[in-house]
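With the sequences and hints as input, model every part of the structure.
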Amino acid sequence: MSPWLAGFTIFFAYPIVWSGYLSFTHYNLLSPPKWIGLANYRYLLHSDPQVWPSVRNTLWLIAVLVPLQVLFALGVALMLARARRGVGVFRTIFYLPALAPPVAATLGFVYILNPATGPVNTILGHLGIQGPLWFQSPSWAKPSLVILGLWGIGNTMIIFLAAVLDVPRHLYESAELDGAGPLQRLRWVTIPTISPVILFAVVLGVIQGLQYFTQAYVAANVAAGQADQAGDTVNHLGYPQDSTLFYPVMIYQHGFVYFNMGYASALAMILLAVAFAVVLVIVVNSRRWVHYQGALR
Amino acid sequence: MRRWTGILLAILVLGATAVAAAAKTSASAGPQAAKKAVSITIWVGWSARELKEFKGVVTEYDAKHPDVNVKVVGSINDTKITNAIRSGNAPDVVSSFTSANVGVYCGTGAWVDLSPYLKKDHIDLSQFPKTSLYYTQFKGKRCALPLLADSYGLYYNKTLFAKAGISRPPKTISELTADAKKLTQRSGGKITVAGFDPFWGMYSGNFADMTNYAPLYGGQYFNGKGKAVLADRFAWSKLLRWQKGLVDWYGYDKLVRFQAGFGDEFSASNAFEVGKLAMMMDGEWRVAFIAAEHPELKYGTAPMPVDDAHPELYGAGSVNGTIIGIPKGGKNPDQAWALVKYLTTDNHALARFSNGIRNVPSTRSSAKSKELKPDPNFATFIRIFNNKHSTTAPITAAGNANLSLISRFTVKYQAGKVKNLHDGLKTLDRQIDAQNAQAGGGGPP
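For the protein sequence lines, the chains are A and B, in the order given. Sequential numbering of the first sequence, starting at 272, is according to this note's numbering. Sequential numbering of the second sequence, starting at -9, is according to this note's numbering.
If you're looking for bench data, these hints aren't it; they were derived computationally from the structure. Do not take every clue at face value.
In silico PhoX-like links for lysine-lysine, alpha-carbon gap of 20 Å or less [claimed, not checked]:
1. K402(B) <-> K416(B)
2. K61(B) <-> K331(B)
3. K413(A) <-> K402(B)
4. K321(B) <-> K26(B)
5. K407(B) <-> K234(B)
6. K407(B) <-> K413(A)
Given the structure is predicted, the values throughout are model-derived calculations rather than measurements.
Pasting the structure below:
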């Protein structure tokens, strides 16, 4: 058996098949799984009050965060590609946040955006503006996570930068000869040439959005004032008011807080199907706007 | 040749002597090896100062029992316990602060049934209060015992009371509301001191749900058939309306902004300890925290005020406690049981630990122990614990999932996101029933 096949079987196929089996069982992690047919899926679709809020939150995050991340990373990459002086310094500065561990970065943002004692609201207060409640408000918690997400676009930015720098000079020169201005060069030369990288960033962003967990978990617990209390009897996931209850957070909650792994597996199987379908739609759709250099069309 | 034979013989004799000596040494070491102490591990949720107190109790046990060596691991939560049991690396003894999870532990056999041990050692269960017996079993299967207990009452700041001209702690909800308003201080539209913060989710003392308020209104969760009845009991809607009324009086956003400036609950920056809250509902452990962190604070304790329509409930409160048991797969169950028995039934151990962390002693005799350090503020909580109207969270197969579901509803109601309270509670009842059915069925408290 080739190493690839072994890795695929052990780390990919087996967990998916086993999860699929568990989704049809009542399994509390501590006693053997008990077959219950479609009961978990019925509960998921008809009775669980948290499913739809978590689906809405996840879709909101993908719809807002992914385009903004792509635009922001591309914008920064275009500026860095044009910079003539201090390029190394700027690249480092914009890339640096990507090196911060997600937990540390989230802790920092919750502190900076604390509505009562955080520096952002303090500065706004001095300017006579009452700052929002940020992570304490159901309408501001997700935008706060988006700000955190935009701060850490270093990886995407670096890939875009490499792609932008890789655009053949002669294409720009030809466009210039044809009288194309900077915006037209961007629209007709840069974007089409780097479109495979944009597709990559979109697909990766959507998959990461569907798996969004760490930042939401940490922000909810810290904002609720209960970070790392051993023996914490209260479940703060989704704080405030389920506004940060994303689908993966809910899977974790059922699997590891409520010990309801059979049901968590059913939720995970749905996520797998949705992720597969979404990526398929994007990839099929991308044939219309992605151009591969040297490809026959 | 003869000389060589002599040398050879001498070597043989020496060798034989050495073997005999070695055999003798190992023979004499035999009984000693058998006496070698067995190492057992206990996992507990306590940390920092409280963990140190617990270790002190265990050190005494170690000294009295040379046959065992107990290793204490602190800062443990239920996820760690479950993972350890699943992976087959469970410690010998485990304890949890989440008594609501006993339904999961007993129901699945993750914590072993203690009945054979209790029977063998003739342990009289009537030495434990009825409520503690309830939250340490599930459907008659006893997989845990109580290790000290908790009760919730009112803490009030005597200095702020004197400034506001209030002479005694409130006894009814309307007195609590009036005092809270009188004690509240604002500056430039911002709250600087809250008389009483009723916000669901404000510190775990308020438990983020209605459990701690239930005995103050006589609220019940389930009927005799195990079906949720929150919509049918007037107590719940009355409690929720009062709570939201007081939150609205402060202003929802203003209260959230005020709370965001609170220090960590279990630190010297606790809002009550630093005078940001004039009154607070909290567990008895706060007595020890205040003594260690702010001995200068002038405060008093009392039972929580109760529904005006039910003055007979005054003196009651919410109770629960730490549970302790033996996980499935533990390697030294006999030694583990001996330790569990000592920690949960020995008067001296319970009194010493209670003095250390100021939790309520969990047997009837230890609650009367002469070793307990007298403290009027702490004595309030022993009385609340023993009050006949005091109640605990319901134990169901869903563990603490029921309570989370309820807290999610109450948090939305206090934010004004539930239009019709009765309809909302009816939906909540259906959701609780569905959750219990999904988790394998629950029982009434």
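For this session: Please write out, lowest number first, the hints stated earlier that are contradicted by the structure.
Result: none
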